[in-house]
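Q: Construct the complete structure from the given sequences, taking the supplied hints into account.
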Amino acid sequence: MESKHRILSQIRAGLPPPWPLPEVPVFRLENPDKPGEMARILERGATQVARAATISDVNAVIDCYYPQRGKTLSTFPDSSDSALPSPGSPSDCEGTDLAVLEAVLGVAENGAIWISERELQGLRILPFITQHLVLVVREKTIVGTMHEAYAKLGRPEAGFGVFIGGPSKTADIEQSLVIGAQAARSLLVIIIP
Amino acid sequence: MMTHARNAAVFNQDEARTGWHDASLWHVRSKRDAAAAEVPEWEYLREFASDIKDHTLSKLDVYLEAFEKAALANGAMVHWAADAAEHNELVLSILQRHGASRMVKSKSMLTEECQLNTFLEKHGVEVIDTDLGERIIQMLDEPPSHIVLPAIHLKKEEIGALFHRELRTEEGASDPTYLTEAARHHLRDKFHAAQVALTGVNFGVVETGEVVVCTNEGNADMGVHLKPVQIHCMGIEKLIPRRSDLAVFLRLLARSATGQPVTVFTSHHRQPKAGGEMHIILVDNGRSRQLGRPDFRSSLKCIRCGACMNTCPIYRRSGGHSYETTIPGPIGSILTPGVDLKRFGNLAFASTLCGSCTAVCPVKINIDDQLYRWRQMAGAAGLPEAGDRLWSGILGKGMASPTLFRYLGRLGRFLLRLLPGGGRNIPLTVWTRDRDLPAAPAESFRDWYARQPKANGE
Chain Y
0 MESKHRILSQ IRAGLPPPWP LPEVPVFRLE NPDKPGEMAR ILERGATQVA RAATISDVNA
60 VIDCYYPQRG KTLSTFPDSS DSALPSPGSP SDCEGTDLAV LEAVLGVAEN GAIWISEREL
120 QGLRILPFIT QHLVLVVREK TIVGTMHEAY AKLGRPEAGF GVFIGGPSKT ADIEQSLVIG
180 AQAARSLLVI IIP
Chain S
0 MMTHARNAAV FNQDEARTGW HDASLWHVRS KRDAAAAEVP EWEYLREFAS DIKDHTLSKL
60 DVYLEAFEKA ALANGAMVHW AADAAEHNEL VLSILQRHGA SRMVKSKSML TEECQLNTFL
120 EKHGVEVIDT DLGERIIQML DEPPSHIVLP AIHLKKEEIG ALFHRELRTE EGASDPTYLT
180 EAARHHLRDK FHAAQVALTG VNFGVVETGE VVVCTNEGNA DMGVHLKPVQ IHCMGIEKLI
240 PRRSDLAVFL RLLARSATGQ PVTVFTSHHR QPKAGGEMHI ILVDNGRSRQ LGRPDFRSSL
300 KCIRCGACMN TCPIYRRSGG HSYETTIPGP IGSILTPGVD LKRFGNLAFA STLCGSCTAV
360 CPVKINIDDQ LYRWRQMAGA AGLPEAGDRL WSGILGKGMA SPTLFRYLGR LGRFLLRLLP
420 GGGRNIPLTV WTRDRDLPAA PAESFRDWYA RQPKANGE
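If you read the protein sequences in the order shown, they are chains Y and S. One point on numbering: in numbering that gives the first Met the number 0, the residue at position 46 of the first sequence is 45, and numbering is uninterrupted. One point on numbering: in numbering that gives the first Met the number 0, the residue at position 291 of the second sequence is 290, and numbering is uninterrupted.
Keep in mind that a hint or two might mislead.
[Unchecked claim] Stretch by stretch, here's where chain Y covers chain S in the computed footprint (C-beta under 8 Å, at least three residues):
| id | region |
| --- | --- |
| 1 | 183-195 |
| 2 | 234-247 |
[As the list claims (entries may be wrong)] Calculated lysine-lysine pairs in the DSS-like style (CA-CA distance at most 27 Å, straight line):
| id | chain 1 | residue 1 | chain 2 | residue 2 |
| --- | --- | --- | --- | --- |
| 3 | S | LYS154 | Y | LYS70 |
| 4 | S | LYS363 | S | LYS58 |
| 5 | S | LYS341 | S | LYS300 |
| 6 | S | LYS68 | Y | LYS151 |
| 7 | S | LYS68 | S | LYS300 |
| 8 | S | LYS58 | S | LYS300 |
| 9 | S | LYS58 | Y | LYS3 |
| 10 | Y | LYS3 | S | LYS68 |
| 11 | Y | LYS3 | S | LYS300 |
| 12 | S | LYS30 | S | LYS154 |
| 13 | Y | LYS151 | Y | LYS139 |
| 14 | S | LYS363 | S | LYS300 |
| 15 | S | LYS58 | S | LYS68 |
[To be verified] Over the 10 Å line for every Cβ pair with chain S, so calculated as not near, a few chain Y residues:
| id | residue |
| --- | --- |
| 16 | GLU42 |
| 17 | SER55 |
| 18 | TYR64 |
| 19 | GLU108 |
Derived from the structure by calculation, the hints contain no laboratory data. Every value quoted in this text rests on a predicted model; they were computed, and no experiment measured them. Where a beta carbon is used, it is the ideal one built from N, C-alpha and C, also for glycine.
A: Put into structure tokens, the structure is as follows:
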């Protein structure tokens, strides 16, 4: 408490003159093909992008990309893949080879894909601890820019949310790009109508 | 010689390595240029970012209290630390309350500034830095040499030898993919073994009480979500008023830092996980003092992208360690003299004042201008060495008086002609060590102009 008052009074003693808060316009993307642009940016950043005609084709696409997969936790469970445990705990995610999750929205300008604790059913660690990650994005949820993304997300409802823009990567050793640092080694984005 | 100049001279003894360092960073700067050019409204975004930060600083007291209120309403615990010592004590007390002796930490320049690792280790806590670059330099017991690329000064062979020693990788192996894989296994063990996770903070959102953490490796999230107790340490200047302001800053940050369109993971932590604890530590440590300095307060707008380092001809050719500060490069050189002018005032001279830092800064901090102002302060405090002070004094007087300037010019031209080789290479000055002066002209422009026939009516 004492430090709080000390800090605040020191701030007040040297406060700059008033400065208006600007209204920032919602800049939009010039390219009308938002899914195409998002795919282009993602592929440039070592993410695989696939299309599925309908939601029921998602698992067929996943079979093509990850035929040998181990433990899989999926928003679209079938005979081989389990649903996300609910309620679950971080230990349920141990040993996950593949996580398949439906995203809230995608951003064309930078390939950032939003997912929150709600879609993760409380399993915040899942998209990170899994060896491989699949994010399913509906075409109509893809926006052009980050401004549009935050306008659409509005006030947060979940306790945690994240933009994921590719597989975990690092260039910390001599600026050489290495895919698969601490989190998921690969990312597949499936765009569905 | 001043500290930075002396360290830079040592760094430059290995010419090939200096060239390699220079080229590595210039490569990052080039990627930044390409990424910026892809955004048509780039310059508008810089202007908005600058204005949002200026506005936030102008109401920082109000915003800090509002942020605290929102964070408390989210169920987070908020702590205030006036200085580094209090910050470190706060972290330790949280660890002790949970009987924790192992902590994982993602990249945080603030905790470097506070020397948190050294403090916790003294109290028997194992701290593991989980960003790959940070982990490498932690194993070497070195400070980071760059705020975004902490191990940019190291060669892969050196990292290979280190990993062979520490992680039992194959002797002589230096392939970055192989080394990164070894670190992945090592760090995954550490993530599981830790009891508490700590992160730095890129942005604190006042209206939602969220903290936003950006990483490419996912290491911050690997720590935070596996542990019931998460700690986020942030400088008081990290606030932005609205959630939508994140759009402006996130569009600028990664593009300015590495040329990526966005960091791979941009995590928004608002509430503790079910059954968990979320702590936010707000740290002053000299920031409120800097806010009270009108000439230097805008340095607090910095979002730590590192673009000013990558572009700086002095940083690229002297290396981050030569600054002897947590934050090196141009931004470090305007932040640290305010902490200790006597010790760090010399950094104001680690610049050519070319202004490239200011030109790339995503929040438009007038870095070169502030470097110049710190030079004045350092000069007034008598920091420059006797020789420099003498020459500056003579030049200052000479350039202030037209008569004296004319006389000195004539004297200089005369003396240069007397020297061997027309004085084009004077061994005593550093200026002619790598280049020859142009030949001294026979007369000055003023003398030449005076000889010209006058136009009509003049």
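Q: Each of the hints needs a verdict: does it hold here or not?
A: These are the hints, each one checked on the structure:
1. 183-195: Held - the region 183-195 of chain S has 4 residues with a Cβ nearer than 8 Å to chain Y, which meets the minimum of three.
2. 234-247: holds (count 8)
3. S:LYS154 x Y:LYS70: 38 Å, violated
4. S:LYS363 x S:LYS58: Roughly 19 Å separates the two Cα atoms, so the pair holds.
5. S:LYS341 x S:LYS300: 24 Å, holds
6. S:LYS68 x Y:LYS151: 25 Å, holds
7. S:LYS68 x S:LYS300: Given pair LYS68 of chain S, LYS300 of chain S holds - Cα atoms ~23 Å apart, limit 27 Å.
8. S:LYS58 x S:LYS300: Between LYS58 of chain S and LYS300 of chain S the Cα gap is close to 13 Å, so the pair holds against 27 Å.
9. S:LYS58 x Y:LYS3: 16 Å, holds
10. Y:LYS3 x S:LYS68: Status holds; Cα separation ~13 Å.
11. Y:LYS3 x S:LYS300: Holds - the C-alpha atoms of LYS300 of chain S and LYS3 of chain Y are around 21 Å apart, at most 27 Å.
12. S:LYS30 x S:LYS154: Judged against 27 Å, a Cα distance of about 21 Å means the pair holds.
13. Y:LYS151 x Y:LYS139: 12 Å, holds
14. S:LYS363 x S:LYS300: At roughly 9 Å apart (the allowed maximum being 27 Å), LYS300 of chain S and LYS363 of chain S satisfy the hint.
15. S:LYS58 x S:LYS68: Between LYS58 of chain S and LYS68 of chain S the Cα gap is close to 16 Å, so the pair holds against 27 Å.
16. GLU42: 12 Å, holds
17. SER55: Label holds. Min Cβ-Cβ 30 Å, cutoff 10 Å.
18. TYR64: 19 Å, holds
19. GLU108: 7 Å, violated
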